[in-house]
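Colleague: With chain A's structure known, arrange chain B on it following the hints.
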Amino acid sequence: MDIFDVFLLEAIVNGLLLGGLLALLSLGLNLIFGVIDVVWICYAELIMCGMYTVYYLYVQYHWPLALAMLAAIALVALLGFALHQFVIRPVLSAEPINQLLVTGGMLFFLQAAATLAFGIEFRNLGVTLPSVRVGEMSFSAARLLAFTLALAGVVGLWLFLRKTYLGTAIRAISQDRAIMPLMGVSPARIFGITSALGGALAGLAACLLVLQYDVHPAIGLSFGPIVFLICVLGGLGNLFGGFVAAFVFAQFIAVGGFFFHLEWGYVLAFVFFIVVMFWRPQGILGR
Amino acid sequence: MLSLERVSAGYGDFQALFGVSLEVNAGEAVAVIGPNGAGKTTLLRAISKLVEPSAGDIRLEGRSLVPLPAHEVVAHGIAHVPENRRLFPRLTVEENLRMGAFSSRNRFHERLEMVYGLFPRLEERRRQPAGTLSGGEQQMCAIGRALMSGPKLLLLDEPSAGLAPVVVQSIFALVRRICAQGYTVLIVEQNIRQVLKVVSRAYLLEAGRIRLTGTAQALLASSEIRKAYLGL
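Going down the list, the sequences are from chains A and B.
In terms of this note's numbering, the first sequence has 125 at position 125, counting the first letter as 1, and numbering is strictly consecutive.
In terms of this note's numbering, the second sequence has 116 at position 116, counting the first letter as 1, and numbering is strictly consecutive.
Please note that the accuracy of each hint is not assured.
Stated by the list, open to error - Under the rule of at most 20 Å between Cα atoms (straight-line distance), these lysine to aspartate or glutamate pairs were calculated in the DMTMM-like manner:
no. : chain 1 : residue 1 : chain 2 : residue 2
1   : A       : 163       : B       : 110
2   : A       : 163       : B       : 94
3   : B       : 197       : B       : 28
4   : B       : 152       : B       : 123
5   : B       : 197       : B       : 224
6   : B       : 152       : B       : 113
7   : A       : 163       : B       : 123
8   : A       : 163       : B       : 113
9   : B       : 152       : B       : 110
10  : B       : 152       : B       : 28
11  : B       : 152       : B       : 72
12  : B       : 152       : B       : 61
Unchecked claim - Counterexamples of contact, computed for chain A against chain B with all Cβ distances above 10 Å:
no. : residue
13  : 9
14  : 13
15  : 101
16  : 109
17  : 144
18  : 151
19  : 152
20  : 165
21  : 183
22  : 184
23  : 216
24  : 261
To be verified - Chain B residues, not near chain A, derived (Cβ > 12 Å throughout):
no. : residue
25  : 26
26  : 121
27  : 172
Quick caveat, the hints were computed from the structure, so don't treat them as lab data.
Glycine included, C-beta positions come from ideal geometry on N, C-alpha and C.
Next comes chain A alone, as it looks inside the complex (with noise of 0.2 Å):
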């Protein structure tokens, strides 16, 4: 086989558009962790929220699909806030073990309320953007866009946290909590903010995925693991090593798929997962 081949490159670029994607899912979660020290198990669960936000927003109440997105990104954020507030603020001191079963939990409960009130069938946005041609090869514009906001994501999140005060103090409270107070800053509501942050690119990760994907209850079950493996891979909190490894287990996705089979593409990116973590356990970037 050529190794130059258009599909081939076709497929490279499907994976760069795929890891834009998944480094923008890991975003929230490892934002999360890395200031608050908790994991969301729930986290793919708040996404299944914001996407089916804008699928009622939008086909059922006809609200224009870019307000409709804006409007799922500020109710997940409100609910990554609530999360914060209501079920993990009562275990943040407690035994790591009992803030797993808080947020899974919660992943129970989002699934069967979803369940209850939206049924169980697959429901989608009707929208089909066209794909885009260059030379021989053919990308959906869904995944370029999803693409670019994803990124757009990623940059934004960068710079916030280098060039704010709010932000600086997020970066500072995930080094020395205890302190906090000293510098005039109240570890409550930085909490709450990037609760409420980590909410927000989960909703905006929502808002992309709907454009591709049907919305069902159980959804987040098909790429919450994924999303956890790979802020695992990158080193849990490190949110510059999730970025990568996003990008690392998207191409395994795509290039293993494009070789063998496409299931043989995630049974490749979890046998490297394996396998990194017997030689790296705390991930590639980890401390």
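Modeller: Just chain B now, kept in the frame of chain A:
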């Protein structure tokens, strides 16, 4: 400026301070000296509200700090340089200073200039992660971070701890400079001989109680201090 009236404080069932009263006047440098475990750090932590006092009153310019949450104390004019400096190791020097100005960010640039004027070394290293600084530079950065809030009162917790003997000298020279700038300073130290050369008055804290108080010269001359702490 600062007055403590019969302040008690502790952690859970452990009581570290028993009715401590002390006074710091504006423009004055005062030390609290005493052995390890006497409650010196707890005293400073009670003033900045990192520890909730269980009894007594703490007043800054007549205003009680007791009802304030910890993160509002700094906006009232108290900056605390904690024990072991506690810089944010992966933030740069300048980002650490920025955190010091969190509650007064509109004054950030003028204060940054002031701190860099005081410690030119920090300006040279402004883009370096604070964790890569030497011990003495870290102490400068920690003091600079506290000055970024424009405090009326500066609390210094063991500024000489963990530093090489040569550096200890320069840190005390630095503290003397800060005092000369007109800052009101309350400093906690185990290095009694050195600190008494810098401050005008001191309190001796033992087992959570004030045992002795007086001018620095008087304490240096007192037989109790000379025997127990200076080994003379």
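Colleague: Run every hint past the structure and note whether it holds.
Modeller: Okay, the hints, checked on the actual structure:
1. Proposed proximity of residue 163 (chain A) and residue 110 (chain B) is supported: the alpha carbons are some 18 Å apart, at most 20 Å.
2. Pair hint residue 163 (chain A) plus residue 94 (chain B) holds up; C-alpha atoms about 12 Å apart against a cutoff of 20 Å.
3. Straight-line distance between C-alpha atoms of residue 197 (chain B) and residue 28 (chain B) comes to about 14 Å, which keeps the hinted pair within the 20 Å bound.
4. Taken as a hint, the residue 152 (chain B) and residue 123 (chain B) pair is broken in the structure, with Cα atoms around 24 Å apart against an allowance of 20 Å.
5. Restraint check for residue 197 (chain B) and residue 224 (chain B): the C-alpha separation of about 18 Å stays at or below 20 Å, so the hint holds.
6. About 18 Å separates the Cα atoms of residue 152 (chain B) and residue 113 (chain B), which keeps this hinted pair within 20 Å; it holds.
7. Simply put, residue 163 (chain A) and residue 123 (chain B) have alpha-carbon atoms about 19 Å apart, close enough for the 20 Å limit, and the pair holds.
8. A C-alpha spacing of about 19 Å is found between residue 163 (chain A) and residue 113 (chain B), which places the hinted pair at or below 20 Å, so the restraint holds.
9. Taking the CA atoms of residue 152 (chain B) and residue 110 (chain B), the gap is about 17 Å. The hint holds against a cut of 20 Å.
10. A hinted pair counts as satisfied when its Cα atoms are at most 20 Å apart, and residue 152 (chain B) with residue 28 (chain B) qualifies at roughly 11 Å.
11. Pair hint residue 152 (chain B) plus residue 72 (chain B) holds up; C-alpha atoms about 14 Å apart against a cutoff of 20 Å.
12. Restraint check: the Cα-Cα separation between residue 152 (chain B) and residue 61 (chain B) comes to about 10 Å, which is no more than 20 Å; the hinted pair holds.
13. Every Cβ of chain B is farther than 10 Å from the Cβ of residue 9 (chain A); the closest lies at roughly 39 Å, confirming the non-interface assignment.
14. Even its closest Cβ contact with chain B, about 35 Å, leaves residue 13 (chain A) beyond 10 Å, as expected for a residue assigned away from the interface.
15. The beta carbon of residue 101 (chain A) is kept farther than 10 Å from every beta carbon of chain B, the shortest such distance being approximately 27 Å.
16. Listed as a non-interface residue, residue 109 (chain A) keeps its Cβ farther than 10 Å from every Cβ of chain B; the least gap is roughly 33 Å.
17. Remark: the non-interface label on residue 144 (chain A) is consistent with the geometry, its nearest Cβ contact in chain B lying 35 Å away (cut-off 10 Å).
18. The Cβ of residue 151 (chain A) sits about 24 Å from the closest Cβ of chain B, beyond the 10 Å cut-off, so the non-interface label holds.
19. Distance check on residue 152 (chain A): its Cβ is at least 24 Å (rounded) from any Cβ of chain B, clearing the 10 Å threshold; non-interface status holds.
20. At roughly 6 Å, the least C-beta separation between residue 165 (chain A) and chain B is not larger than 10 Å, which violates its mark as non-interface.
21. A beta-carbon of chain B comes within 10 Å of the beta-carbon of residue 183 (chain A); the shortest separation is about 5 Å.
22. Look at residue 184 (chain A): its CB is around 3 Å from the nearest CB on chain B, not clear of 10 Å, so calling it non-interface is violated.
23. For residue 216 (chain A), the requirement that its beta carbon stay farther than 10 Å from each beta carbon of chain B is met, with the minimum near 41 Å.
24. The beta carbon of residue 261 (chain A) sits about 43 Å from the closest Cβ of chain B, which is more than 10 Å, so the claim that it is off the interface holds.
25. Residue-level check passed: residue 26 (chain B) sits 22 Å from the nearest beta carbon of chain A, beyond 12 Å.
26. In this structure residue 121 (chain B) is separated from chain A by more than 12 Å, as the shortest Cβ-Cβ distance comes to about 22 Å.
27. The claim that residue 172 (chain B) is not at the interface with chain A holds, since no C-beta of that chain comes within 12 Å of its own (minimum 23 Å).
Consistency note: the structure conflicts with the earlier hints numbered 4, 20, 21, 22.
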